[in-house]
Amino acid sequence: MINTVRNTVLAIANKHNFGYITPADFNLYAKQAQLDIFENYFYRYNEWLAKQNARVSGSQYADIVKNLEEAIDLFSVEESLYRNQSNVYNTPNETNNDNTYYLMNKALVYQSVLSEGTTDGTSGGNNSIVDSTQDFTSMGVSVGDYVAVQIEGGILFLTVIALVGTDQLTVNSTNITTSGNPYAIYSASTSLKEAERVSHSKITMLNVSNLTAPKTNTPAYTQSELTVSLYPSTINAVGQVRLQYIRKPKDPKWTYTTLEGGEPAFNQGASDYQDFELPASDESNLISKILQYAGISIREADIYQAASNKEIKEVQKQG
Amino acid sequence: MAYITGYQYYENSGSSPEDKNWGSYQYISLEDIVNNFMLMYVGNDKLVNNVERYNVLFHAKRGIQELNYDALKETKVVELSVCDNATAVLPPDYINWVRISLYKDGVLMPLTENVNTNFSKSYLQDNNCRVLFDEDGDILVGSGILDGDRADGIQKTQYLGDGKMNGALGYQIEGKWIFDYSIGARYGLNTETANVNPTFKINKASGVISFSSSMADQIVVVEYVSDGMENGDDAKVSLNKMFEDYVYAYIKYAILNSKFGVQEYIVNRAKKDKSSLLRNAKIRLSNIHPGRLLMNMRGAQKWLK
Numbered sequence: 001m002i003n004t005v006r007n008t009v010l011a012i013a014n015k016h017n018f019g020y021i022t023p024a025d026f027n028l029y030a031k032q033a034q035l036d037i038f039e040n041y042f043y044r045y046n047e048w049l050a051k052q053n054a055r056v057s058g059s060q061y062a063d064i065v066k067n068l069e070e071a072i073d074l075f076s077v078e079e080s081l082y083r084n085q086s087n088v089y090n091t092p093n094e095t096n097n098d099n100t101y102y103l104m105n106k107a108l109v110y111q112s113v114l115s116e117g118t119t120d121g122t123s124g125g126n127n128s129i130v131d132s133t134q135d136f137t138s139m140g141v142s143v144g145d146y147v148a149v150q151i152e153g154g155i156l157f158l159t160v161i162a163l164v165g166t167d168q169l170t171v172n173s174t175n176i177t178t179s180g181n182p183y184a185i186y187s188a189s190t191s192l193k194e195a196e197r198v199s200h201s202k203i204t205m206l207n208v209s210n211l212t213a214p215k216t217n218t219p220a221y222t223q224s225e226l227t228v229s230l231y232p233s234t235i236n237a238v239g240q241v242r243l244q245y246i247r248k249p250k251d252p253k254w255t256y257t258t259l260e261g262g263e264p265a266f267n268q269g270a271s272d273y274q275d276f277e278l279p280a281s282d283e284s285n286l287i288s289k290i291l292q293y294a295g296i297s298i299r300e301a302d303i304y305q306a307a308s309n310k311e312i313k314e315v316q317k318q319g
Numbered sequence: 001m002a003y004i005t006g007y008q009y010y011e012n013s014g015s016s017p018e019d020k021n022w023g024s025y026q027y028i029s030l031e032d033i034v035n036n037f038m039l040m041y042v043g044n045d046k047l048v049n050n051v052e053r054y055n056v057l058f059h060a061k062r063g064i065q066e067l068n069y070d071a072l073k074e075t076k077v078v079e080l081s082v083c084d085n086a087t088a089v090l091p092p093d094y095i096n097w098v099r100i101s102l103y104k105d106g107v108l109m110p111l112t113e114n115v116n117t118n119f120s121k122s123y124l125q126d127n128n129c130r131v132l133f134d135e136d137g138d139i140l141v142g143s144g145i146l147d148g149d150r151a152d153g154i155q156k157t158q159y160l161g162d163g164k165m166n167g168a169l170g171y172q173i174e175g176k177w178i179f180d181y182s183i184g185a186r187y188g189l190n191t192e193t194a195n196v197n198p199t200f201k202i203n204k205a206s207g208v209i210s211f212s213s214s215m216a217d218q219i220v221v222v223e224y225v226s227d228g229m230e231n232g233d234d235a236k237v238s239l240n241k242m243f244e245d246y247v248y249a250y251i252k253y254a255i256l257n258s259k260f261g262v263q264e265y266i267v268n269r270a271k272k273d274k275s276s277l278l279r280n281a282k283i284r285l286s287n288i289h290p291g292r293l294l295m296n297m298r299g300a301q302k303w304l305k
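If you read the sequences in order, they're chains A and B. Heads up, the first sequence is in our numbering, so the first residue is 1 and it goes up one at a time. Heads up, the second sequence is in our numbering, so the first residue is 1 and it goes up one at a time.
Simulated from the structure, these hints should not be mistaken for laboratory data. Heads up, none of these hints are tricks.
With a cut-off of at most 25 Å between alpha-carbon atoms, the simulated DSS-like pairs for lysine-lysine come out as follows:
no. : chain 1 : residue 1 : chain 2 : residue 2
1   : B       : Lys201    : B       : Lys156
2   : B       : Lys46     : A       : Lys66
3   : B       : Lys46     : A       : Lys51
4   : A       : Lys51     : A       : Lys310
5   : B       : Lys20     : A       : Lys193
6   : B       : Lys241    : A       : Lys193
7   : B       : Lys236    : A       : Lys215
8   : A       : Lys66     : A       : Lys313
9   : B       : Lys46     : A       : Lys193
10  : A       : Lys106    : B       : Lys46
11  : B       : Lys259    : A       : Lys51
12  : B       : Lys20     : A       : Lys215
13  : B       : Lys236    : A       : Lys193
14  : A       : Lys202    : B       : Lys259
15  : B       : Lys73     : B       : Lys271
16  : A       : Lys248    : A       : Lys66
With the rest of the complex left out, here is chain B (with noise of 0.2 Å):
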């Protein structure tokens, strides 16, 4: 019998949601691996026996989380709308971001992350200087100078670039603009800072981007990170087939290695498969296909001048 029936696949058997099952095949359930791993793995006469579910589960969901945050590839993408203030609230499963750009006359610009601090928090101080407190003894806390200057765009940026047209002076014919070419070589431009686009700041213990002042009121596409874990929704959280494999290694290693009197060459055995594994399926995803390949070979006959 099929795992899933064509009905339930691209209907879901009439129910709703219409899409729950489109492309289910390539995952696997946090439910089924533990499950898995328990009959295949755990057993008087396995390699591991007398472990708690709690404990398998535990491990399935760290081995996933590792995988979400660099092999995966399972970046998740959210459309946001810039406050007044230049800043965004982070998404709720945000653990890391990939790319955060600005959507604007349908294009997507990517932003250059700001090195500088851009925002701060600012201590309620007297006339002396002396820090505010209120009657619980915790000190007073405002909005900075620094976030409001950002805000208003008066906050001076390293990140600067020629802008639109090259930054060149342009003269109007018969009700067209014409702008000129920059005129001779450019030297000494930083590279590492040369950027017309707005420019970003994670915020971390606020939850919040904090962006240059052009962005207020803009559209922002923020490419993220998860740990996978679906806000701990077990019954949503899954795995790509590829890294199945991997993931049963991964607790087998993660077991053996915190118990006691297995011995050393079986702890061994099990981080060198854990590794080999992880290898393959990296490789696996990597999708490197003959057509892709060829794609790019088709320029190497190129005549460069």
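Looking at chain A on its own, in the form it has when it is part of the complex (with noise of 0.2 Å):
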């Protein structure tokens, strides 16, 4: 979509030889649009709810709300969270994940762990957790239960393909390069609880609460800069705090290669190259964004007031 869009505001940029938008600056442009109609998804979404309880929206096909709903859930991901330390576990970020969350929607939190402990060995290949202080059989380990191991920068959740002796379980991932691994095994049955997100003025009177203190079935989390912090605090195991969240689109790159004396020619094979994340029906909207901050930047009044009635107009008739 990526090449279409730059296409299309260059052909309009250029209509009346308004100027030429670099690469670097549709690049730039790009994001800046990008982000700002996919957070104007969520203002969108809740206007639509109160229109839906106005009884103003349709349904099947006129349901803007589920349409919506659909566009954001392209971006919904789930993913095991990084241990930090007992019960604090990291938030998706770039440091550790190319997933940075935009918001979080749920944590999920494994009732019970079979076994937990750190990996001491690599004997078994790069598909195995070796653990010589572990008897998994008696813990009651067996195939098809998930194995979370944490690694250098991530979790690794696994499943358990065979056990090999009482020490040893072969899993499906050969990434397992070495050993001095933490990791915790949850059985295929047991059931994940959502916990709740609390507010830091809350939790301590809620830690205390004998009615509704947070328990492994009812947990509770509060959320820092770059962490969350699991009540009660026996959820502390690697791989026991799951997340599903929405993250932040990835930054669209229009590569290219550039030939002597002309125009640069699109590379779609490039190893940075990313295209636009948002459903194909947001391509107007798009273009009349970036029109709008190309022609902020080479103050061109009327491009920016063409590209702003087109949007004006489009937002009327998405109402």
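Two chains, each in its own frame: build the complex with the hints.
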């Protein structure tokens, strides 16, 4: 989509020789335009919910709320959180993950842990969990159970394929290249419980409440800058917390090969190529937004005005 | 798929305890109540929205507690040995008593609650009647004479009855005891205090039941109500399904009633909903069966002299 958007933007901008937008500038405007539209989904979602409650929204193809949910869910990710220390887990961010979260939707917690420890060997190969201090058989570990292994920079959430002896498991990964990795095993039948987000002003009182203190079947968490703290504090195993969140869209990048004396040619095969992640239905919005930014940048009030008018009409049409 | 297989129900899938699931179908768990409420009654297009789960959990537990006090008829029964000092410690989840009985000679004898005080603390005093204190300035407390007299059987009681064999004197003929019936009418009997069995009083502050002296070393059966919180083990908290809808209505009302900006008519509707569902559930649980009514009505045509 990014190439067609760029071609359209250039065509409109060049129609009256208003100016040229370089690939670097285009990428900056494209990033900003995509973020604008992405953030606007949430405001529009809220507006349409109010309209739905006022019975001015339809169903099926007229169900705008559902359409917006689908657009937002394109950015939904679920993954295990990296354990920082005891019951504190890192939120997804650039330092340990490609996906930076935009908002956390729900945190899920495994109620019980079958076994946990630290791997102490790699003799079984890159697909083995070896811990000579454990007897996995007597712990009740069986094929199909889940193993969370904390390696440098992330969590591998794996499935047990076979038990080899009593202290070794074969799992569906070939990325376990080192020993000394903390791990935890969860029964496939263990249910996940949703942890509730609680504000810092409430958590202290909640923890001492006799009726509503967080328990393993009704856990809670508080959020800080880069971490979440789980309650009760017995929730502290590797991979015990899974987060479903909405990530930020990846920065779009129109990549090219430079031709001598000519225009840059679009190169979709570049390693850093990144298309827009918004649905195709937002293509015209993207073009309008980019034109606005381009218009502002090259100080052409006409372009800005034209793009702005187009967007206003679009918004009016969509409600 | 069935909620629970026959094997799980009867034998707990071979695990211990075997009786874990017996009769479990009568009940809905606290977790299910909260989950169902959050799913069905909370949302952007529902009366209740933007509510934390711990709020719902709190009101669900409060609703269950209230039901346990008077509506549920979930009476717990525990058998205790009374100590030498004629006291027994209250059960750990005790809230209020329903009936306390002496079990003796194969018979349960319901005991009467003593409305008079039969226990007390005692402040230690010197010869000049001055109260004594410890080094922290707290009053020195000892056991009261009242308590001692009760345990020793010295304390007089207003609860009197004819006693065994109507209090009549007996005489022995050929190794057998013969007792006469009392002759003549007895007037002025205070039925409120006419009781031949031992008595008891709940010492709430000390957490014990103080019995009259004859209860020492006897077996007592305490029927009591708890609050259904199962000592804080949420996994065990459950509710009879007859009250399921009531609890949802109770939670909804409790939340709407304490929320800012909810129209009064909505709060009132929720309140009526709650009250009528409680009434319905109580009627259902009263178990008025035609068969039972028939048994009672059999005596309707009986001739009375």
